[in-house]
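Peer 1: Sequence:
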Amino acid sequence: MADSTDGSVNADDSEFYGPVVGVNLGTIIYGRPPEDAERQRLVAYLEQVTKSHNTLRVVGVGSSHLASGIDLASAYMMLAVQGRQRMLRPLTAEEVEAYQQHRFKIPKELSADRCLPDHAVLAVVEDSQSGQLALFRAELATETVLAHPYLVLCGPPGSGKSTFAKHLVWALAQRGRDQINHHTGLLGWNDHQRVLPVFMSLRTLAGALIGKDLGLTDTPNIGLLLDAVCAHLQTKYGLEQPRELLKAGLKGSLTVLFVFDGLDEVPLEATAASLDRRSLLTFVRLFASAYAARILITCRSRAWTEDYRQITQWPMVELAPLSGGQMTQFINTWFPLLHAKGVIEHEAIARYGAQLMQALRDPQRRRLRDMADNPLLLSMMIFVLARKGVLPRDRHSLYDDILKQLLGEWDTTSRNGQNLGQAVGDDRITGDEVRDQVLDRLCYQAHLTATSADGRGRIPSRELQIALMEYFARVNVADPYRAAERCVAYIDQCSGLLQPEDEGMVYAFAHLTLQEQSAGRHLVFSESLDQLLALRRDDRWREPIFLGVGCLTKARLGSAKIEQLLTTLVDSDAYEAGEMHQYDWYRDLILAAELGADCDWGLLHGKQIKVDRIQRRLRAGLVNLLEDYDHAQAALAYYNGQAMEPAPLLVRERQKGAELLAGLGDARYPVSIEQWQQVTCQLSTQFGREGTHYWRYIPAGCYRVGGWDGDEQATTVELPSYWVGRFMVTVDQYRAFIEAGGYTNDAWWTTQGLAWKKETNRTEPWGWNGQIEQEYRNQPVYGVSGYAAMAYCQWLSEQLTPWLPQGYCIRLASEAEWEVAAAYNADGQRHTYPWGEQPATPEHAVYDWSDERRPLSVGLGLLGQAACGMLDSVGNLWEWAAVRYQDNGGDRQQVLADSNDWMVLRGSLYYNNSTKILCAARDWCRPDDDDVYNCPGFRCFLAPRSYVLHAAS
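Position 535, counted from 1, in the sequence shown is what this note's numbering calls 535; the numbers after and before it change by one each time, with no gaps.
Because the hints were derived from the structure by calculation, they are not lab data. Be a bit skeptical, because a hint or two may be false.
Claimed, not checked - The list that follows gives simulated cross-link-like pairs (lysine to aspartate or glutamate, EDC-like), each with its CA atoms no further than 16 Å apart:
| # | residue 1 | residue 2 |
| --- | --- | --- |
| 1 | K916 | E837 |
| 2 | K404 | D432 |
| 3 | K105 | E95 |
| 4 | K607 | E563 |
| 5 | K212 | D227 |
| 6 | K610 | D571 |
| 7 | K105 | E94 |
| 8 | K656 | E627 |
| 9 | K554 | D400 |
| 10 | K108 | E95 |
| 11 | K561 | D530 |
| 12 | K404 | E433 |
| 13 | K247 | E38 |
| 14 | K561 | E527 |
What the hints assert, rightly or not - DEER-style ranges, computed between Cβ atoms:
| # | residue 1 | residue 2 | range |
| --- | --- | --- | --- |
| 15 | M505 | E109 | 51 to 57 Å |
| 16 | P363 | M505 | 48 to 54 Å |
| 17 | P336 | Q642 | 53 to 59 Å |
| 18 | A755 | A620 | 43 to 49 Å |
Bear in mind the structure is a predicted one, so any value in this text is a computation, not a measurement. Note that beta-carbon positions come from the ideal geometry of N, C-alpha and C, so glycine has one too.
Can you make the complete structure from the sequences, with help from the hints?
Peer 2: Shown next as structure tokens:
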């Protein structure tokens with residue numbers, strides 16, 4: 001797009017074009033062409049917004065090169081969101097034919113590893129509107145903002161939330177000034193779309209509202225929020241008569257976009273300087289109800305809770321991790337920018353870029369690749385590589401390298417040619433010493449209060465000087481008072497790490513992440529374990545704790561502290577003694593598992609830490625969480641609005657625990673043949689939800705199946721007794737089949753299955769590489785053809801033959817067997833849902849409430865189990881039934897040994913809505929179909945062999 005000052009606005013169904021800057025947005029705001037004074041005020045405001053947000057502050061290279069920052073428009077990269085997709089284009093007729101014959105492959109040039117999210121194909125899906133098969137890409141964050149007037153944008157630390165928000169505000173301000181070019185184009189927005197941007201950190205807003213009577217319990221005084229915003233606009237941007245402009249904009253429909261940054265930086269509890277987080281969010285929600293304005297809130301993912309979702313009822317999206325294509329663009333952008341700033345030579349651009357890309361593709365450096373999908377961490381890799389030529393393997397080491405790099409500049413150079421030791425007057429004083437002895441403690445204290453607008457703690461200049469003076473006195477520096485003065489003056493000059501604010505009255509870390517690293521170091525090295533435990537529930541201390549524990553792995557005596565912390569978290573002594581609530585203990589288990597995974601359990605093994613003992617307790621505790629029926633009932637009550645303190649763990653929190661359990665080894669289901677033998681040698685003949693045994697008993701009897709709606713005829717079937725697997729077959733279990741030669745031993749495959757396997761050269765399920773990540777191993781395996789599911793059952797049946805009841809085998813279910821297991825209770829009554837007649841909630845089943853775009857770990861919805869104890873029978877994944885599909889139901893009892901006809905699927909899918917999470921849910925699929933659309937999985941049944949029809953026609 002060429003630069004232009006022309007724009008347009010639709011007023012009274014007519015287009016108004018104007019070459020005068022600000023007229024178009026002014027007309028949108030005022031509902032008429034603005035008067036010249038109004039236009040000038042608007043343009044002056046937009047110019048100030050542009051100047052305030054046109055630079056990206058850079059941390060990690062050094063003050064001498066990048067003190068002025070980087071041009072935001074040059075460095076910015078498009079970001080996508082998780083769990084939302086948009087159609088790229090329909091498949092051509094040739095592509096449809098190839099897809100139906102399993103010959104279609106996404107072109108390499110359209111893969112996420114090759115191109116940016118606006119062109120990277122993620123899936124082939126049937127478009128819900130046209131019914132056509134189409135290529136789908138990720139939805140971009142700019143598209144999501146445009147589509148949702150009220151939105152919460154989340155992501156982990158360093159994911160780019162604030163940078164996205166500031167770039168959005170900058171681009172909207174430029175568009176308001178009619179600057180339409182390739183930098184100000186917002187993907188998903190047309191060139192005529194303009195809104196008035198208002199940016200304010202929620203920490204600043206919370207401070208402005210403290211001490212005011214908000215009227216939250218009576219009549220809300222919404223005008224106070226508008227007063228605070230107007231005062232901010234006047235102080236920050238010099239906007240004259242801000243109320244007049246905002247009032248005019250708020251009369252229109254969605255004319256103003258309020259970007260409120262950093263909800264997670266607002267304290268959980270009110271302080272003398274800040275409103276509490278919940279009250280502030282409630283007040284913002286009331287403001288949204290009073291005015292027709294757009295609102296975007298940014299927040300760290302962990303800090304956005306179900307409680308806050310209930311307050312706003314607004315959609316929440318998470319920024320997607322960087323794809324391979326985004327990483328490539330990021331690297332190809334940043335090394336030239338560093339050259340332009342004089343950081344690296346021109347020849348180093350290509351060399352460093354190739355070196356970093358090679359490291360990220362190295363299968364032996366997976367942790368490095370995992371870190372690189374975070375924009376902040378990837379930028380730090382670039383900075384460290386540009387200065388050191390080598391890359392660290394973990395996050396805390398990366399941050400530590402950045403800190404040492406910045407502190408190292410204190411030891412080598414400054415504007416007057418002195419290093420820190422020379423400036424202080426004692427060569428023994430180095431940047432590392434100052435950090436270890438002074439800055440870490442001050443940073444810890446500052447993080448406790450976090451008084452800056454963006455969550456960084458502010459260190460008063462006086463406190464910094466006193467702390468330095470005391471340190472210099474301890475190490476016998478001559479004239480400690482003057483030495484401290486000179487040190488502070490030196491820091492003023494070398495502001496890459498600590499930056500003076502408020503005319504030098506206070507100092508703040510250049511980036512919140514570096515503050516968290518230093519605060520975490522002090523916490524784990526200098527404070528007591530009790531103090532760390534006292535802070536572990538505060539979201540603001542989560543990252544410092546993780547970074548601090550990571551630093552312990554490099555310390556000489558760190559192993560003992562790590563073992564003490566993990567042991568304290570996993571031990572149930574305090575819970576069993578009544579000193580801690582069980583729900584808090586569950587959260588401690590998850591925290592311990594996260595810390596161990598973050599440090600790398602393998603590395604901890606080599607540090608004389610009793611990892612096996614800790615992991616045994618973790619496995620037992622996490623299984624206890626997932627099997628705790630009383631807790632599951634409390635979680636449902638809490639989900640439905642019942643107040644509890646502490647709150648039980650809702651399904652999203654339990655999912656994190658389940659994923660961590662997958663990495664430790666999930667003992668809820670058998671994997672090895674020995675484990676299968678143990679669960680099969682003594683089969684229970686008790687019907688019910690009680691117990692955690694794998695094979696669930698279904699008694700013989702006559703059952704009514706089908707006939708759920710008027711178009712379908714019910715059938716009464718007589719079934720012998722049989723058993724159903726408690727869970728669908730998991731990735732863990734299916735991997736054992738592959739490793740046992742599942743795709744190479746033809747004896748386990750049916751005739752038609754073997755022909756399909758040879759024709760397609762299939763050696764694993766569809767999407768297998770994405771399923772075997774450590775945290776996904778206890779999710780149900782998906783992308784399994786009907787033939788492969790039959791082969792698995794045949795393999796398992798052979799391994800268990802001596803332990804099976806006479807005449808029984810492991811196989812797929814008949815449709816009648818599946819339906820009876822899912823729908824019938826102990827009294828012989830059939831229910832709409834496996835758990836009864838109560839409609840589905842996230843506490844019962846996995847459906848489209850989850851934005852993961854994949855099945856979740858088995859057994860999350862303990863309340864959703866059928867009366868026999870079968871879990872996940874509706875939602876999560878469709879399950880193969882070895883029955884030929886017929887519209888009227890057909891023979892629901894006859895099991896096919898082999899077929900190339902349409903087969904029945906039962907149970908529904910993770911992206912279906914709650915109205916389809918029913919025992920009646922039914923679909924169909926060919927047994928050779930294992931693609932992403934249906935994502936079929938399967939469950940093993942232990943049932944009579946005599947019901948298998950061997951002569952399929």
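Peer 1: For every hint, state whether the structure bears it out.
Peer 2: Hints versus structure:
1. At roughly 14 Å between alpha-carbon atoms, K916 and E837 fall within 16 Å of each other, so this suggested pair holds.
2. For the hint pairing K404 with D432, the CA-to-CA distance comes to about 7 Å; that is within 16 Å, so the pair holds.
3. For a cut-off of 16 Å, the pair hint linking K105 to E95 stands: about 9 Å separates their Cα positions.
4. Pair hint K607 plus E563 holds up; C-alpha atoms about 10 Å apart against a cutoff of 16 Å.
5. Our distance criterion of 16 Å between C-alpha atoms is met by K212 and D227, whose separation comes to about 11 Å.
6. A distance of roughly 13 Å separates the Cα atoms of K610 and D571; the hinted pair therefore holds under the 16 Å criterion.
7. For the proposed pair K105 and E94, the alpha carbon gap of about 12 Å is at most 16 Å, so the pair holds.
8. This hinted pair checks out: K656 and E627 have alpha carbons roughly 15 Å apart, not beyond 16 Å.
9. In summary, the hint linking K554 to D400 is supported, as the alpha carbons are separated by about 11 Å, within the 16 Å threshold.
10. Of the pairs offered as hints, the one joining K108 and E95 holds, with about 15 Å between alpha carbons and a cut-off of 16 Å not exceeded.
11. A threshold of 16 Å between alpha carbons decides the hint, and for K561 with D530 the separation of about 12 Å falls inside it, so the pair holds.
12. Only pairs whose Cα atoms come within 16 Å are accepted, and K404 paired with E433 is accepted, the gap being roughly 11 Å.
13. At roughly 13 Å between alpha-carbon atoms, K247 and E38 fall within 16 Å of each other, so this suggested pair holds.
14. Of the supplied pair hints, the one linking K561 and E527 holds, its CA atoms being roughly 11 Å apart against a limit of 16 Å.
15. Restraint check, M505 to E109: a C-beta distance of roughly 55 Å satisfies the suggested window 51 to 57 Å.
16. Taken as a hint, the range 48 to 54 Å holds for the pair P363 and M505, whose Cβ atoms sit roughly 51 Å apart.
17. Range check, P336 to Q642: about 57 Å between beta-carbon atoms, so the 53 to 59 Å window is met.
18. For A755 paired with A620, a C-beta distance near 46 Å keeps the hint of 43 to 49 Å intact.
Of the numbered hints listed earlier, not one is contradicted by the structure.
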